[in-house]
Amino acid sequence: MEAAFRDDDARLLARIEDELVAGLIWARQAGSTAAPLPARAAGMVALLRAVDGGASAIERAIEGDLALVLALLVPGSLVGWTPALVHHTAVHFSRVAAALAASDPEASDAAKLRSIAAWLVLGEERRYLEALARVVAGTALPGAEAEAAGRAAALRPIDELGAAARTGAAECADAAQRALAMLGRLDRATKLAGLDERATTSIRRRADTMRGAAISTALAPILEALADASGRDAIIREAPAIFERVHRIWLWSDRDEQVERFAVDEATSLAWIAYRETGWDPLRAMCEPLAEMTDRMAERIESDPRRHLAYTAKCAQFLVFRGECKAHEPDRWPLIERALTICPTHRNARVVACNFLCDRADLLLSGNAIFQASALALAEQAVARAETLFAQSKRLEKTKARLEEIRTRNRGFIR
Amino acid sequence: MSESNLFDRWNLDPSAGPQAITERLREAMEEADPPTAVELRRAWEELTMHPKRRIAEALSTFPETRPPIGRPPLPVRATVPTPAGDEARLVHAPVAGALGSSTTPSPTVRCLPALERDPLLRARNPEAAPLRGVK
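Protein chains in written order, with the working numbering: chain S, 1 to 415; chain H, 1 to 135.
Simulated from the structure, these hints should not be mistaken for laboratory data.
The model shown is predicted, which means the values in this text are computed figures rather than measured ones.
All clues given are correct.
If you want a taste of the chain S side facing chain H, the calculated C-beta under 10 Å gives, among others:
1. Asp-8
2. Asp-18
3. Val-91
4. His-92
5. Ala-98
6. Leu-122
7. Gly-150
8. Ala-153
Calculated Cβ distances over 12 Å to all of chain H for the following chain S residues:
9. Gly-64
10. Ala-102
11. Gly-168
12. Asp-174
13. Asp-187
14. Ser-202
15. Glu-224
16. Glu-238
17. Ser-374
18. Ala-384
Glycine is no exception: its CB is placed at the ideal position from the N, C-alpha and C atoms.
Please model the entire structure based on the sequences and the hints provided.
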């Protein structure tokens, strides 16, 4: 006589429970209006039962408390999970990301990152994807080709991010911006996947290349606009608006240094043209949209001078430009000083700093202040500093002579 | 359900080969309206003519990892007198023999019909009901 509740019945019940829990997880993470997943998705729950704490988490989920099972799905590291379970989570979180893309971009990005981490685990493990690909290909492909196609699946989500970032780059679209930002955060996915340094570096390079391509796509119209304005002899008039666009691209790219370098490369020669124009307004207008970018570049140089060696002089020159076109002396000096900090040998920065110090000394040596010892001491300090910066300056010679003359003339009157 | 994945869209087994995919899509095609038929045709071409795309699609959906559920329970028997003792053995033996095994049912037989409806037995004498034994 057959038992009333057979092993087959137990298996059927477990299947029903798995489907129930998979449905609850999906509704909680993707929203109740999301289209249901295929029945195979319940396989993830079946595999979760084998994870430490999985069986009890699923029991609780059946009773309606999903907290444990949801926590189980987002471990600090995927190391130790079976490839099949990792594959399920890769697909699951990619579906969650797609379902939330419009309603909750932040949660969608977090889910996408989880999915990418899972794919990276499978890519590093290799054998699971290769074996699965061989089964799917059957006799239609040689084994090695099928295996390569299987391995490629692990990097496809990253390639898709690159494509998404490039597609909307020229318009600085929101979706492209999110993809670009995620390419910049892939280190978190590699950490979650437990990748070693070699694999992490490889992923980072891949992501950086894609970011670079997307940013170049965004900057391409700027080059066209600059060429067009030059062709019409309108570059000085139109450059501020064009560099305002560069500033927007910089913000879109989450302040990427590639944009800063582009801006400094393209603007330097134009800034010299503006410098030679009458008055400071043309140069001021050109420097204005570049101010934030050059400040950020200076920060980068200050924190790692060797890495940015090629840009220290250009960045310093821009700080000098900005300093020179400031209307008030107190606004000028910090920029010139910063230029000297990041590039102490910058000739123009030294000349301009020398002249500013002479201006300061001349101001101190004019009027009644010359009878105050403190004013004279400050003027002497300024001249001494100017001498260290650009001793051969003719302007400095005049200031030194004036200082000496006052010192001699007022001897005995100075308090 | 993810409409963009062809295995999900057409309820296909991701590990299925071109033959099984063709069979399943042909079944679907029989009841499809013209726009759906176009979609089916496109899916069939995608999955059967481009093995690399089939791999990509198959890997981007959930793998089949659910444990098998086994044999469904037998249907509740009709309230007819149950043969007992030797009589039962005589009735069951030829049926089980016809199915191939006395302990493990064939996987092709989803469930056994009640004896009084067994076509093997009824074929001998359609008028004879209820069965009292086989000699």
